[in-house]
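There are 4 protein chains.
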Amino acid sequence: MSIRVGIVGISGFGGGEALRLIAGHPHFELVYAAGEGSAGSRLIDHFPGLPGKLAELVIERWDPVALPEIDVLFASLPTGASADALARVSRDVKIVDIGGDHRYVDGWTYGLADVWPDEIKGQTRVANPGCFPVATQIALAPLLVNGLIEPGNIVVDAKTGISGAGRGGGGGFSFAANNENLVPYGLLRHVHMPEMTTTIERLSGASAAGLVFAPHLVPMTRGILVTMYCRGSATTDQCLDAARRFYNNSAFVRVIDKPPQTKWASGSNLAFVSYAADPERNLVIALGVVDNLGKGAAGQAVQNANLMCGLAETAGLEGLPIWP
Amino acid sequence: MSIRVGIVGISGFGGGEALRLIAGHPHFELVYAAGEGSAGSRLIDHFPGLPGKLAELVIERWDPVALPEIDVLFASLPTGASADALARVSRDVKIVDIGGDHRYVDGWTYGLADVWPDEIKGQTRVANPGCFPVATQIALAPLLVNGLIEPGNIVVDAKTGISGAGRGGGGGFSFAANNENLVPYGLLRHVHMPEMTTTIERLSGASAAGLVFAPHLVPMTRGILVTMYCRGSATTDQCLDAARRFYNNSAFVRVIDKPPQTKWASGSNLAFVSYAADPERNLVIALGVVDNLGKGAAGQAVQNANLMCGLAETAGLEGLPIWP
Amino acid sequence: MSIRVGIVGISGFGGGEALRLIAGHPHFELVYAAGEGSAGSRLIDHFPGLPGKLAELVIERWDPVALPEIDVLFASLPTGASADALARVSRDVKIVDIGGDHRYVDGWTYGLADVWPDEIKGQTRVANPGCFPVATQIALAPLLVNGLIEPGNIVVDAKTGISGAGRGGGGGFSFAANNENLVPYGLLRHVHMPEMTTTIERLSGASAAGLVFAPHLVPMTRGILVTMYCRGSATTDQCLDAARRFYNNSAFVRVIDKPPQTKWASGSNLAFVSYAADPERNLVIALGVVDNLGKGAAGQAVQNANLMCGLAETAGLEGLPIWP
Amino acid sequence: MSIRVGIVGISGFGGGEALRLIAGHPHFELVYAAGEGSAGSRLIDHFPGLPGKLAELVIERWDPVALPEIDVLFASLPTGASADALARVSRDVKIVDIGGDHRYVDGWTYGLADVWPDEIKGQTRVANPGCFPVATQIALAPLLVNGLIEPGNIVVDAKTGISGAGRGGGGGFSFAANNENLVPYGLLRHVHMPEMTTTIERLSGASAAGLVFAPHLVPMTRGILVTMYCRGSATTDQCLDAARRFYNNSAFVRVIDKPPQTKWASGSNLAFVSYAADPERNLVIALGVVDNLGKGAAGQAVQNANLMCGLAETAGLEGLPIWP
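Protein chains in written order, with the UniProt record's numbering: chain H, 1 to 324; chain C, 1 to 324; chain Y, 1 to 324; chain G, 1 to 324.
Okay, chain H solo, but in the shape it has when bound (with noise of 0.2 Å):
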């Protein structure tokens, strides 16, 4: 079976490894690229390895009502320019959004893959969660729908590689500037908030009102890791026993006994969770590690989309990670 598939704002990081991942998919085959400044140029143009007729595919400049015939669309444009855009594609098109304007959206399915699968199944328009977003919720669900920690106050230390900025990163995340730096920003205010604030709520059924977030840019092209400080009696080990019967049918999802390293899932769709309690202090460290071009984006995305299109959800996803 072989199923049409586009990309539009290919030349992005987040576009670039969507390409990745649908170029060694078994059912996927890429027919549409489109872009912005790109646009007119080549595939290999901006990915030099690619082989064979990939390589000669010509950018299109985005046009949503100008498709080919396409079955599924990974739309990868920046927060705030996809939302008119996409409504206007075809109802025929099934549409993943890897950027931010649809996340928690009448109409768009929020799509944590990892947590609840069943309800992307067969959708048409699934939101990716964020990257920040999707690691803090895969490591944090099975404490929450197990009550393991008071929803309402979960301090979220977050911490990116720079890659999570996007191609079009600036002077601000220049090698010189980053190299042998790290830089905290946001806090207090970061745009990923409210989608983790609404996450919370509805797995735990509680407020969230008190989440504190703050996000550090860390000198490393990929990754991510939150370490997050939780109220809550429960052991270590029963953190990681609710953790593994939460994701005893996962492929992707990873319950380990130690401190899980951001590069254990580089170039993957993996996850890593692990758990430190120390209950006579009421307190429950929760580490989440994933690659935040992967899982993160768009490793998470092409996940959607096979469940989205009755697919095995590991269909091009079972790449191990890069090590070292």
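Derived from the structure by calculation, the hints contain no laboratory data.
It cannot be assumed that every hint is accurate.
Below, computed lysine-lysine pairings styled on DSS-like, alpha-carbon distance capped at 27 Å [unchecked claim]:
| hint | chain 1 | residue 1 | chain 2 | residue 2 |
| --- | --- | --- | --- | --- |
| 1 | G | K53 | C | K53 |
| 2 | Y | K258 | H | K53 |
| 3 | C | K258 | G | K53 |
| 4 | H | K258 | Y | K53 |
Distance ranges between label pairs, derived from CB positions [claimed, not checked]:
| hint | chain 1 | residue 1 | chain 2 | residue 2 | range |
| --- | --- | --- | --- | --- | --- |
| 5 | C | L188 | H | Y185 | 47 to 53 Å |
| 6 | Y | G147 | G | D84 | 49 to 55 Å |
| 7 | G | E36 | H | K53 | 45 to 51 Å |
| 8 | G | E36 | H | T314 | 28 to 34 Å |
| 9 | Y | T235 | G | G310 | 49 to 55 Å |
| 10 | H | E36 | C | W116 | 54 to 60 Å |
| 11 | H | K53 | Y | T198 | 49 to 55 Å |
| 12 | H | Y104 | C | L188 | 30 to 36 Å |
Backbone N, C-alpha and C define an ideal beta-carbon position, used for all residues, glycine too.
Assemble chains C, Y and G onto chain H, guided by the hints.
Here is chains C, Y and G on its own, set in the frame of chain H:
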């Protein structure tokens, strides 16, 4: 005035940074260098840029009862290796212990030079704070002495460059395994916790038993950032004002109103602190940045030695950070 | 068709990359893993992302006369450690030696798969080229066989990522000492020189005694670039054309008209070659890029094994490079 | 003695490094800073560690005919942007042009301070060498003046950290695209070639038309290494001896008998040179290391200004390199 100084542990990262600072110090003259594996070699064999006479100084085998005539000894030995040996050094020699064996030990002053400089003046035995604690304590001190946060409810998420692991790091600290990687470790049981707890209690007069400390290895050579989550109803401005008053006469602590980056301190003895508060959520975030080998080790040690010797606190420490 | 394969040296970087590729191979099934220090542990203890049955495979102590029933053995042992042992392996087992002991040794085929694939088909003992030589030889081959450069007057300035030093690197390869550092080494006496000289002479039919080789350690984990300065009167286009003809049927060698970057090959079995010539100065610059663990080690080894087993050369090697 | 100095181009990397060095200089006092985009802001807004009065200095809009009373101007402007403007500065102001517009231009002295310091003493217009040329020329000078290599047959393989691209680098110099990447560029047509050719011809008295120059971007912030392949029959010891005699009185050039690493010079005005020769192959390899922002830009500029002002050459430049 020339003060004769020695360094033991010269071939480690802390000892090497002490050498760099002492070589540029207006009053200190390095006349003695000692080590273990490096004994018998010259300084130039380890530090290829050294000029003139200093280059030819031969490293001696460390023997605490066979020291030449020196006024100050900088001891940069692995934790656990210095207590017995330093007890045998003549009382005529002032000692700054950069290692971990004498922090809050009877007969030794805890050298938190930016917080209690007067206690250090004229002392002969000073224990340098650990690299994580110095960043933590400098940022928290103004909040604790002014009662702006609860001392029993502090979470410290700490991030360090890899030189903090020391030169003899072994395969776990290889470039290939650490580049593009972010590694949490030592959750709930780091060796630096008792030191921080003691300082917090001393500054606040209340128990700090609830302290949570989680360190992370960041793929950079130098730099520490601590992000601290505290409970309190102060505003951001109240926190900044308290810190500005507290460090009004400080030569090295910079209080700023935006999140500090580790590279701002690189190669210097500076510390940067900042705060972001949300009274509605009873939340105060405190940030502290140091160079782990500067203010976190050798810079702080020279600052302590200056105070012990009655010199200007800033002697030899006025070099600006390296940027970029 | 399932071909049973084993890896010895599984915990090293080359062995680990072989594991990653074999796990995604359509015909190879890993049934045996061996090591020294790692014997007795499971694969999951070293590769946290491994799925299912593979994760639980126990690493055995390497014993060449006690192998289970396997068809192919990938040997990734330190140079000097494999010759005696591999001589004792049953002739029924095909061997690809990723280590350095059998390059241009009687009874072994030198596995330069992109240049002479036909020589490798059906063999049972194949020596993988070294990482520097494979990049060098792939870029030079079209020039040498077409007589476009003087074989006796070639300068190879080679740059490698630090994983080339292997997992057991020691303090000399620590992050702190190598980050922000560029290190030339082994000038005029690198162990890879005889191998390159032999290949150049074989391809050109003339002496390569004038070969100059200078390697450099670059602060990155993966990747090799060789910049070669040759004498010849060809134009840039003549060089590119010769290479395009030479690699016309190649699945892995990309001939391009701009300088290739190491990251273009990262995680893949691709090689990139390019040329810039100035006939007025009798100068041809040849450039070659590979991933030292891909085409420079495990990727090349799988390619050789495919040829030895009569499989499609590309089986298990179609993954695109990781970008960024 | 206080000498009043100004910097134009203060917010660039070269200007910032000049600021750092001048702040620690015993005789220079910074009284004027100018820029384009940064005009109107204070120095502290760009350099958060600056102390006291310097921190509050307001950056002015660059206007060559409206300078305050200064003795020395350091000009760090983009190549192409400084020629007209600097021609309009009063002759009473000494100028060191760190940019590229006045190298080997009439009326300007080429400031290769370690090779011909006497030519610079007392001058009022000095052009700082480029970062690649300064490393190249310092390493080659002893060989050229002693006739140990053929001046017409030199290959320069140059590797630089990414700060060499300047602060306004744009997306091509982003962290994500450059980390874990090694990038050759500008083959056969780099802007620095004429400058090197002129110096080689001046030192040797013969044509350098055969010069080959190939630059590479290395994923590190600071540092330059040039590896040069020359023709000559000298031994390694003859080359080292020639260099030791040539730099006998040099404060900054270190001649060593092992390959130098870029980090040895980091943050300093040092240059390291070494040689490895093979008379049987008529080969001399010359190696040169500098910090591209130190000896390759601002350090060299301060050294030139010291000579122009009749100060000790080393004033303000005695800081040792940062290690690690």
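For each hint, the structure was consulted:
no.: 1; hint: K53/G with K53/C; in the structure: 36 Å, violated
no.: 2; hint: K258/Y with K53/H; in the structure: 21 Å, holds
no.: 3; hint: K258/C with K53/G; in the structure: 21 Å, holds
no.: 4; hint: K258/H with K53/Y; in the structure: 21 Å, holds
no.: 5; hint: L188/C with Y185/H: 47 to 53 Å; in the structure: 28 Å, violated
no.: 6; hint: G147/Y with D84/G: 49 to 55 Å; in the structure: 52 Å, holds
no.: 7; hint: E36/G with K53/H: 45 to 51 Å; in the structure: 48 Å, holds
no.: 8; hint: E36/G with T314/H: 28 to 34 Å; in the structure: 54 Å, violated
no.: 9; hint: T235/Y with G310/G: 49 to 55 Å; in the structure: 54 Å, holds
no.: 10; hint: E36/H with W116/C: 54 to 60 Å; in the structure: 58 Å, holds
no.: 11; hint: K53/H with T198/Y: 49 to 55 Å; in the structure: 39 Å, violated
no.: 12; hint: Y104/H with L188/C: 30 to 36 Å; in the structure: 34 Å, holds
Violated hints, listed in ascending order, are 1, 5, 8 and 11; each of the other numbered hints is respected by the structure.
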